[in-house]
Structure formats: structure tokens, C-alpha cells
Amino acid sequence: MKQVSQLVGFGYVDRFLKDEEIRTLLTAFFERYPMSDKRVLFIIPDSTRTAPVDRIFRVIQQLIGHQVSALDYLVALGTHPLMSEEALNRLVGVSSEERRSAFQGINIWNHRWDQPETFVEVGKISATETEELSDGRLSVEVLIRVNRLLLDYDQLIVLGPVFPHEVAGFSGGSKYFFPGVSGPEVINFTHWLGALETSYASIGVADTAVRRTIERAAAAIPVPKLALCLVTTHEGLAGIYAGEIQEAWRAAIELSKRHHIRYIAKPVQRVLSVLPEMYDDLWTGAKGMYKLEAVVADGGEIMIYAPHISEVSYTHGAMLDEIGYHVRDYFVKQWDQFKHYPWGVLAHSTHVSGLGDYVDGQETRRIKVTLATGISQERCTRLNLGYCDPKTINPAEWADRESEGVLLVPHAGEVLYRLREGED
Numbered sequence: 009m010k011q012v013s014q015l016v017g018f019g020y021v022d023r024f025l026k027d028e029e030i031r032t033l034l035t036a037f038f039e040r041y042p043m044s045d046k047r048v049l050f051i052i053p054d055s056t057r058t059a060p061v062d063r064i065f066r067v068i069q070q071l072i073g074h075q076v077s078a079l080d081y082l083v084a085l086g087t088h089p090l091m092s093e094e095a096l097n098r099l100v101g102v103s104s105e106e107r108r109s110a111f112q113g114i115n116i117w118n119h120r121w122d123q124p125e126t127f128v129e130v131g132k133i134s135a136t137e138t139e140e141l142s143d144g145r146l147s148v149e150v151l152i153r154v155n156r157l158l159l160d161y162d163q164l165i166v167l168g169p170v171f172p173h174e175v176a177g178f179s180g181g182s183k184y185f186f187p188g189v190s191g192p193e194v195i196n197f198t199h200w201l202g203a204l205e206t207s208y209a210s211i212g213v214a215d216t217a218v219r220r221t222i223e224r225a226a227a228a229i230p231v232p233k234l235a236l237c238l239v240t241t242h243e244g245l246a247g248i249y250a251g252e253i254q255e256a257w258r259a260a261i262e263l264s265k266r267h268h269i270r271y272i273a274k275p276v277q278r279v280l281s282v283l284p285e286m287y288d289d290l291w292t293g294a295k296g297m298y299k300l301e302a303v304v305a306d307g308g309e310i311m312i313y314a315p316h317i318s319e320v321s322y323t324h325g326a327m328l329d330e331i332g333y334h335v336r337d338y339f340v341k342q343w344d345q346f347k348h349y350p351w352g353v354l355a356h357s358t359h360v361s362g363l364g365d366y367v368d369g370q371e372t373r374r375i376k377v378t379l380a381t382g383i384s385q386e387r388c389t390r391l392n393l394g395y396c397d398p399k400t401i402n403p404a405e406w407a408d409r410e411s412e413g414v415l416l417v418p419h420a421g422e423v424l425y426r427l428r429e430g431e432d
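To convert, take the position in the sequence shown, counting from 1, and add 8; that gives this note's numbering.
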């Protein structure tokens with residue numbers, strides 16, 4: 009019997025949603041999926057994603073706060089730094105006084121990826137299955153562990169945006185479980201699988217080996233799951249699609265393609281990728297490289313301009329200092345030397361470095377990646393990245409020079425650039 013769609017959603021390419029439209033849509037969603045007397049947990053993004061969680065938080069409280077037996081929020085940090093109480097309040101748009109009064113019954117938790125005791129095993133993916141999921145690239149057993157808080161609820165609801173993504177193809181949906189609130193095993197497996205596929209080949213593609221693995225892992229979570237998939241820009245909320253996770257996510261992808269993929273006529277030699285302050289280290293800000301790699305000519309350069317960034321990774325910085333930044337085959341061809349490092353860290357290293365080769369002990373890269381940040385020249389050299397003093401950069405001097413092979417990208421990190429001849 010064919011399942012009837014329960015999807016609620018709409019979006020626009022030429023304007024943004026008004027508050028009353030958000031309320032109308034969420035009202036319809038909760039009518040189709042009643043939450044009365046249920047314990048409900050929303051999985052939400054941290055501050056490194058553009059999403060109007062604050063606008064939606066209050067509407068949710070008004071619509072179902074009086075109906076449910078619990079209404080809580082878990083921030084899908086993956087392995088990002090923990091958010092302070094002040095930052096959590098700012099994320100959902102409440103004051104500390106409101107947290108203690110009007111919203112005192114609501115918990116807003118960080119995903120404690122740093123505390124192994126907070127995880128619970130919900131299954132395994134066999135070596136045979138990972139080989140099939142990965143198209144033969146990997147064959148290892150993977151433990152599926154998630155934050156044990158998930159099992160304390162009757163209904164899980166992902167609330168987060170969908171963007172082109174360097175590892176999964178597109179973010180959002182079940183990715184809020186893996187890596188959002190998961191243990192390290194699926195994180196490391198999927199990130200290294202993404203590195204083997206390469207960001208260049210995967211970003212902006214809906215069906216990838218990584219996404220298949222994420223959906224397989226999510227199926228092991230024994231709690232009903234729904235999603236509110238958002239399509240956002242730094243200017244506003246363009247769309248919401250609400251319902252069963254995969255259906256809502258795929259609907260959001262179609263609108264995301266319209267907002268978050270930009271085509272240019274020919275390759276450029278140099279890009280100045282200007283990062284917004286929501287990225288506070290290179291680990292998160294490297295999206296300013298991933299989203300632009302495909303439009304840079306062989307031998308060209310991406311310069312990441314972010315004077316406010318002074319750290320490579322607040323979580324993994326020491327490990328990156330050990331291994332540096334290298335192309336995929338640098339690790340693959342010396343696997344015995346590097347296989348004991350967390351695969352997710354190795355993957356980040358390769359994604360930032362981009363395409364390249366490692367032959368006879370010589371590493372070559374298709375393009376150069378240069379940091380114009382608060383990270384010192386000495387550290388950049390040690391990490392195997394280029395350096396430019398950010399004080400010497402005036403972004404305005406890079407503007408309107410595409411005809412010269414120079415591209416300025418303000419607010420970089422969420423819009424994917426592609427060459428027009430590659431348009432589907």
C-alpha cells in the first residue's frame with residue numbers, strides 16, 4: 009500500500025517567510041502529528057549555522073508547551089565546543105530571566121560529546137554492510153552510539169537548516185543525529201568515507217555513500233523521528249518543510265539548490281573568502297574553502313579572510329598540529345602511520361587541502377589554500393598552509409573583478425559555487 013504524504017511545507021526563491029506564515033505552518037504540522045502528553049525533544053543546531061531557532065522556539069512553546077509532558081532541546085554539537093548558558097539562551101532568543109521564569113520547565117542541553125558515559129549503544133553496522141554502503145571503499149564494523157537522552161523521549165524532532173555539505177552532500181535531516189548527537193564511531197567512519205569520496209565530488213549531491221550510512225545509523229534509533237527542515241540565508245528564512253525526516257529533507261534540498269548554489273561562467277585564479285564571525289575557528293570556518301573549491305582554476309588560490317579566527321580547532325587543534333594539512337593520498341599511501349588518529353580529524357585535513365596527489369614522497373595540490381587570519385605565520389607553515397597578513401587585505405579591492413579571474417565572496421561558508429557548465 010502506498011504511503012500518503014503528510015508533509016507540510018512551503019518556500020520561496022524571491023522572498024522570506026513572515027511570522028504568521030511560520031505559525032500557520034507549525035500549527036498544521038502539530039495538527040498532523042499531535043504531541044499531546046508526549047515527551048518531546050528537539051535536536052537543534054549550534055551558533056555555527058544560520059537558522060532562526062529563536063523565532064521558531066517561541067512559536068513551538070505557544071502551540072504545544074501546554075500539551076506535552078516534556079519539551080526540551082538538545083544542541084547537535086557534533087564535536088564543536090560546548091556552548092555557555094548565555095550562548096544557549098541567545099540561541100533560542102530568551103533572556104536569563106525568562107529561562108528562570110517563563111521557560112523554567114524547558115531544558116536546553118549541550119550534546120556532551122566529551123563525556124563517553126553520556127552515550128548509549130543502539131546497534132552496529134557490520135563490515136559487510138559498511139562495504140556495501142561505501143561502494144567498497146571501507147569494510148569495518150561500526151558501533152552506533154548516540155546521546156542517551158534520546159531514549160528518554162517519545163518523539164524526536166530535528167529542527168535545523170539544509171545546506172550543501174562537504175561530507176554528506178547536503179546537511180540537515182538525519183545528519184543532526186550523526187554526527188550531531190552521536191558517539192565518535194559513526195562520526196569518524198562517515199567523515200573518512202567522505203574524505204575518500206572527496207568533498208569536490210560530494211558537495212551539493214543528495215545521494216552519497218555518507219548519506220546512506222547516516223540514514224542506516226539513524227534507523228537504529230528506537231524512537232519516532234520527525235523533522236522541521238529549514239532553508240535559510242543570512243537575510244531570512246526562505247522555507248520550512250515539516251514531516252517525516254527523509255521526505256522533509258529532500259523537499260528542503262530542492263529549495264536549497266535555488267538559494268545555496270551559485271553558478272559562475274568560468275574558473276577564477278584567486279578567491280577571497282570572507283568568513284562571518286559565527287565561525288570562530290578553522291574547523292568550522294573551513295566551509296569558506298569547501299564551498300569555493302570547484303570554481304578555482306588549477307594552480308589557483310583560495311584565501312580565507314577571517315582576522316577574528318586565531319585557532320585551528322578548539323577541539324582538535326593539538327592533533328592537527330601533529331598531522332598538518334595534506335591531500336587524501338598523503339594519508340592513504342601512509343596509512344599505517346596515520347590510521348590510529350581519529351578519522352574525522354584526518355578527513356578535515358584532506359578537505360581543507362583539496363584535491364591533489366602524493367607520489368614518490370612528493371605531495372602536490374591542485375590549488376593553494378592561504379589563511380589571512382589571526383593564526384600565526386609560523387603555525388600556518390608548520391600546518392602546511394599558506395599565510396597572508398590579514399592587515400594587508402582590503403576586501404573592497406577584490407570586488408567586481410571576476411573578469412580578471414578574481415572573486416570576492418562575502419559571508420562565505422553557506423553558498424556553494426559551481427561552474428555554469430556543470431549545471432544539471
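Hints listed in this document are in silico derivations from the structure and should not be mistaken for laboratory results.
Incorrect hints may appear among the rest.
Said to hold, decoys possible - Here are the computed distance ranges between Cβ atoms for each label pair:
#1 Ser92 / Ala135: 24 to 30 Å
#2 Gly144 / Glu93: 44 to 50 Å
#3 Gln112 / Ser134: 43 to 49 Å
#4 Val231 / Gln75: 43 to 49 Å
#5 Gly244 / Leu427: 41 to 47 Å
#6 Lys347 / Ala36: 17 to 23 Å
#7 Gln75 / Asp329: 29 to 35 Å
#8 Ala404 / Arg63: 29 to 35 Å
#9 Thr372 / Gly144: 40 to 46 Å
#10 Ser92 / Leu159: 25 to 31 Å
#11 Val231 / Glu330: 24 to 30 Å
#12 Gly73 / Leu159: 21 to 27 Å
#13 Pro232 / Ser92: 30 to 36 Å
#14 Leu159 / His74: 24 to 30 Å
Said to hold, decoys possible - Here are the simulated lysine to aspartate or glutamate pairs, DMTMM-like style, with alpha carbons at most 25 Å apart:
#15 Lys399 / Glu412
#16 Lys376 / Asp337
#17 Lys233 / Asp215
#18 Lys26 / Asp45
#19 Lys233 / Asp365
#20 Lys265 / Asp215
#21 Lys132 / Glu106
#22 Lys132 / Asp143
#23 Lys46 / Glu255
#24 Lys46 / Asp143
#25 Lys233 / Glu429
#26 Lys347 / Asp80
#27 Lys274 / Glu412
#28 Lys347 / Asp337
#29 Lys274 / Asp80
#30 Lys347 / Glu94
#31 Lys233 / Glu243
#32 Lys233 / Asp337
#33 Lys399 / Glu255
Treat the numbers as computed from the prediction; the structure is a model and nothing was measured.
The beta-carbon is built from N, C-alpha and C at its ideal position, and this holds for glycine as well.
Hints versus structure:
Take Ser92 and Ala135: their Cβ atoms lie about 41 Å apart, and the range 24 to 30 Å is violated. At roughly 47 Å, the beta-carbon separation of Gly144 and Glu93 lies within the given 44 to 50 Å, and the hint holds. The hinted window of 43 to 49 Å between Gln112 and Ser134 holds, with their beta carbons roughly 45 Å apart. Checking the proposed 43 to 49 Å range against Val231 and Gln75 shows it is violated: the Cβ atoms sit about 19 Å from each other.
Look at Gly244 against Leu427: about 28 Å separates their beta carbons, and that is not inside 41 to 47 Å. Under the hint 17 to 23 Å, the C-beta atoms of Lys347 and Ala36, about 50 Å apart, miss the expected range. Restraint check, Gln75 to Asp329: a C-beta distance of roughly 51 Å breaks the suggested window 29 to 35 Å. At about 33 Å, the CB distance of Ala404 to Arg63 agrees with the hint of 29 to 35 Å.
Taken as a hint, the range 40 to 46 Å is violated for the pair Thr372 and Gly144, whose Cβ atoms sit roughly 26 Å apart. The beta-carbon spacing between Ser92 and Leu159, approximately 27 Å, falls within the hinted interval of 25 to 31 Å. A C-beta distance of roughly 38 Å is found between Val231 and Glu330, which places it outside the suggested range of 24 to 30 Å. The beta-carbon spacing between Gly73 and Leu159, approximately 23 Å, falls within the hinted interval of 21 to 27 Å.
Between Pro232 and Ser92, the C-beta spacing of about 32 Å keeps the proposed range 30 to 36 Å intact. For Leu159 and His74, the hinted distance range of 24 to 30 Å is satisfied, since their beta carbons lie about 25 Å from each other. For the suggested pair Lys399 and Glu412, the alpha carbons sit about 23 Å apart, so the restraint of at most 25 Å is met. With a CA separation close to 17 Å, the supplied pair Lys376 and Asp337 stays within the 25 Å bound.
Under the criterion of a C-alpha separation no larger than 25 Å, the hint pairing Lys233 with Asp215 is consistent with the structure, at around 20 Å. At roughly 30 Å between alpha-carbon atoms, Lys26 and Asp45 are farther apart than 25 Å, so this suggested pair is violated. Restraint check for Lys233 and Asp365: the C-alpha separation of about 42 Å exceeds 25 Å, so the hint is violated. Under the criterion of a C-alpha separation no larger than 25 Å, the hint pairing Lys265 with Asp215 is consistent with the structure, at around 14 Å.
Among the hinted pairs, Lys132 with Glu106 is inconsistent with the structure: their alpha-carbon atoms are about 42 Å apart, more than 25 Å. Using a Cα cut-off of 25 Å, the hinted pair Lys132 and Asp143 holds, with the two alpha carbons roughly 18 Å apart. Straight-line distance between C-alpha atoms of Lys46 and Glu255 comes to about 23 Å, which keeps the hinted pair within the 25 Å bound. For the suggested pair Lys46 and Asp143, the alpha carbons sit about 40 Å apart, so the restraint of at most 25 Å is broken.
Pair hint Lys233 plus Glu429 does not hold up; C-alpha atoms about 39 Å apart against a cutoff of 25 Å. Distance restraint check for Lys347 and Asp80: the Cα-Cα separation of roughly 38 Å exceeds the 25 Å cut-off, and the hinted pair is therefore not satisfied. About 11 Å separates the Cα atoms of Lys274 and Glu412, which keeps this hinted pair within 25 Å; it holds. Pair hint Lys347 plus Asp337 holds up; C-alpha atoms about 13 Å apart against a cutoff of 25 Å.
The suggested pairing of Lys274 with Asp80 is violated, with an alpha-carbon distance near 48 Å, which exceeds 25 Å. The suggested pairing of Lys347 with Glu94 is violated, with an alpha-carbon distance near 39 Å, which exceeds 25 Å. As the CA atoms of Lys233 and Glu243 are separated by approximately 29 Å, the hinted pair breaks the 25 Å bound. With a CA separation close to 38 Å, the supplied pair Lys233 and Asp337 exceeds the 25 Å bound.
Distance restraint check for Lys399 and Glu255: the Cα-Cα separation of roughly 47 Å exceeds the 25 Å cut-off, and the hinted pair is therefore not satisfied.
The earlier numbered hints that this structure contradicts are 1, 4, 5, 6, 7, 9, 11, 18, 19, 21, 24, 25, 26, 29, 30, 31, 32, 33.
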